[in-house]
Amino acid sequence: MLTPSQVIENYFLESRHQILEIAAMMDRYDVAVQRRGGNGAAGPAPGQKIELLRKALAIAADPKPAGDRTVALLELFATG
Amino acid sequence: MQIIQPHYHAIARTAQDYERMAMSGVVAVAEPAFWAGFDRLYPETFIDYFRQISEFEPTRAAQYGIRHFCWVAVNPKEAENPVLTREVLKHFPEFFAKPTVLGVGETGLHKSTKNEIESLEAHVDLAMKHGQLVLIHTPHLADKAHGTKKVLEVLAGMKVDPERIWIDHVEEQTIKPVLDAGYWAGFTLYPITKCSPKRAVDMLEKYGTEKILVNSSADWGPSDPFLLQECVIEYRRRGHSLQDAIEVFHNNPCRFLGQNPKFDIKPIRVESAEVAHA
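Going down the list, the protein sequences come from chains A and B.
Numbered according to numbering that gives the first Met the number 0, the first sequence spans residues 0 to 79.
Numbered according to numbering that gives the first Met the number 0, the second sequence spans residues 0 to 277.
Source of the hints: derived by calculation from the structure; they are not laboratory data.
Lysine-lysine pairs mimicking PhoX-like chemistry, simulated, CA-CA at most 25 Å apart:
1) B:K158 x B:K175
2) B:K158 x B:K210
3) B:K197 x A:K48
4) B:K128 x B:K89
5) A:K54 x B:K197
6) B:K149 x B:K110
Have a look at the derived ranges for each label pair, beta carbon to beta carbon:
7) A:R34 x B:Q1: 26 to 34 Å
8) B:E93 x A:V30: 47 to 55 Å
9) A:L73 x B:M0: 35 to 43 Å
10) B:G207 x A:A59: 33 to 41 Å
11) A:V6 x B:P221: 15 to 23 Å
Since the structure is predicted, the reported quantities are computational estimates derived from the model, not experimental observations.
From the three backbone atoms N, C-alpha and C, an ideal C-beta is built for every residue, glycine too.
Just need the whole structure built from these sequences, with the hints factored in.
This is the structure in structure tokens:
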């Protein structure tokens with residue numbers, strides 16, 4: 000089993016990379032919506048999925064979750 | 000599609016890379032001088048390294064039909080030994096005369112110390128005096144924004160031709176000042192520590208393709224030269240034409256590196272051919 004500092008040391012860069020990828024995707028989405036001329040052009044399905052991702056990010060970032068974040072996220076994605 | 004890999008540390012890789020690169024369209028690579036993973040102590044170690052990348056490595060690449068070019072420099076991580084740096088710099092002109100050496104690189108900054116800045120100035124000054132191209136490394140991760148700003152400040156205080164300088168490893172927070180100052184900007188694709196193929200395409204779409212060099216470096220650490228091909232695929236799957244992809248991944252390296260006449264690969268243009276059916 001890893002110590003808290005080992006968890007951070009081992010996975011910080013990988014997590015940084017994954018968060019940057021998610022942020023870039025969110026930026027890419029905003030640019031695409033703007034290019035199409037406003038919020039409505041995104042359509043309901045993409046709009047629901049992006050909201051799902053935003054909720055997921057909030058769950059992942061929760062410093063004191065009630066249970067495992069992974070379980071909560073899988074349950075959230077099961078609703079989408 | 001024909002691709003040029005403008006930043007590739009071949010000596011750290013096996014011949015399998017060359018074989019797979021050749022199979023995936025790579026026609027040329029350019030190898031900047033790199034850090035060896037430890038700080039070298041002797042000028043002769045650098046001289047032999049420069050001989051390896053300027054004399055031996057082109058023969059290894061040629062077995063797979065790939066042209067190999069290179070650059071010479073003392074790595075920024077080794078700039079804390081100014082005596083060594085000065086000694087090695089004295090030998091640069093003999094390498095500038097070699098047929099595959101394109102210029103000075105990768106010089107630049109790592110922790111932006113006084114010694115690193117003096118080394119960067121000396122490298123750039125020597126390159127400009129000898130009419131060479133320059134490839135500048137910018138720091139990793141948390142040091143990147145500060146280090147890139149410092150590189151631009153150093154260059155602003157010198158008499159340089161921005162057209163002949165490539166500032167590498169730019170990311171979203173550093174690309175604009177580099178392009179605004181008239182330099183070429185490089186995106187270096189790494190599995191986790193630098194830019195990713197998708198983010199690189201985002202920047203191409205936001206800032207345009209002019210004066211951009213995309214590379215995937217690849218060295219002895221966790222790295223993957225084929226992130227460059229992954230970037231080509233990402234660019235194409237977003238609807239950009241084959242010719243647009245060729246402009247970024249083949250013709251732009253030709254335009255920058257071709258400022259040194261030793262790099263004689265020319266930009267290419269796709270033409271449709273009439274196919275006669277019997």
